Amino acid sequence: MGKDEKMKTKEVMVLEDLLGSNKKIAAEIRQKLTDKGILTINLLSSPGAGKTTLLESLSEVLAPEYKMAVIEGDIETERDADRIRAKGIPAWQIITGGACHLEAKMIGKLLPEIPADLDFLFIENVGNLVCPASFDLGENIRCVLLSTPEGDDKPKKYPKAFTTSDCLVISKTDLVSVLPFNIERAKKEALEINPALITFTTSAQTGAGIKELAEYFSESFQKIRRTNA
Amino acid sequence: MHELSLIANLFEIMEEKAAEKNAKKITHVVLQVGKLSGVVPDLLITAFDIYKKDTMTSEGELTIKEVPLKILCRDCKTEVVKDDFVFICTKCGSTNLKTLSGTELYLEKMELEID
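Residue numbers (numbering that gives the first Met the number 0), protein chains in the order written: chain U, 0 to 228; chain Z, 0 to 114.
Hints were generated in silico from the structure; no laboratory data involved. Bear in mind that the values here come from a model prediction, so they are computed numbers and not experimental data. A few of these clues could be false.
[Stated by the list, open to error] Some chain Z residues close to chain U (C-beta under 7 Å, calculated; not the full set):
1. Asn8
2. Ile12
3. Lys34
4. Gly37
5. Val39
6. Leu42
7. Lys81
8. Phe84
9. Glu112
Ideal Cβ positions, reconstructed from N, Cα and C, are used throughout, including at glycine.
Make a model of the complete structure from these sequences and hints.
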């Protein structure tokens with residue numbers, strides 16, 4: 000007791016962001032990559048929405064003209080990176096070993112390996128529509144995928160992923176004829192929670208919408224190059 | 000469940016601040032958690048209780064202050080607290096809005112025991 004009596008309690012105001020260190024690292028990454036003229040895109044979705052397949056399709060449109068590379072985030076296995084490499088695209092696999100999202104420091108560690116002459120760096124986040132939304136990875140564009148089998152009611156159920164994204168890709172639209180998925184309803188929901196979202200509809204099976212999405216990325220890339228010039 | 004990772008960040012910040020004040024123990028921690036912060040308060044509490052074992056916060060309590068999502072319409076200047084996440088002004092229908100609060104994830108303050 001004697002010792003406790005000598006102790007005094009003190010209240011300290013702190014007001015510090017729990018994501019502050021992640022935001023700081025992310026800002027440094029964004030600065031470094033943008034200075035090199037690299038456009039970085041963070042792809043976000045639930046598991047199985049078609050992120051890797053979309054990257055495979057995009058590579059066919061972008062790779063003949065541009066230099067692209069991919070960072071793959073997964074809880075386990077090199078499978079996704081292998082699929083990208085099979086397309087002739089350099090890929091790095093981050094195995095999180097259980098973590099449900101990527102953090103900026105994981106990207107930061109890989110940064111020395113990223114070639115300086117890239118045009119596009121895609122980061123495929125761990126499949127999860129919740130946790131990745133809280134972590135800035137230093138991207139220029141955050142792109143959220145919503146596949147038609149998931150249902151058109153997802154934007155309001157998982158608002159953070161949609162409110163923090165710049166573009167929405169509604170994927171697997173070739174399945175829409177056999178699903179109760181209403182593309183217009185999904186877009187409307189998403190735009191209600193984020194009116195600034197740029198929306199695309201794609202099907203990797205038929206190739207629909209892939210060119211339009213690639214054009215959007217190319218235009219954003221040209222903007223970075225013009226700003227740097 | 001990214002809450003554990005956020006709690007790990009929290010402990011880093013707390014212990015750094017506590018060391019600056021030469022504190023022996025952290026007895027109370029107050030967090031501000033916005034409605035659109037993307038975290039579940041109950042899971043933060045669970046993660047906090049797991050993480051605090053064998054640290055200077057082992058007897059510490061966590062209080063979470065939930066911060067409402069408040070937006071300002073840049074067109075009609077109305078300030079609205081949103082219970083849904085619909086970013087459309089309830090008064091004039093504009094989508095030209097500014098988020099005033101609701102995305103916070105802050106360590107607001109803590110109570111320390113100092114010699």
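Item checked: List of violated hint numbers, smallest to largest -> 3, 5, 6, 7
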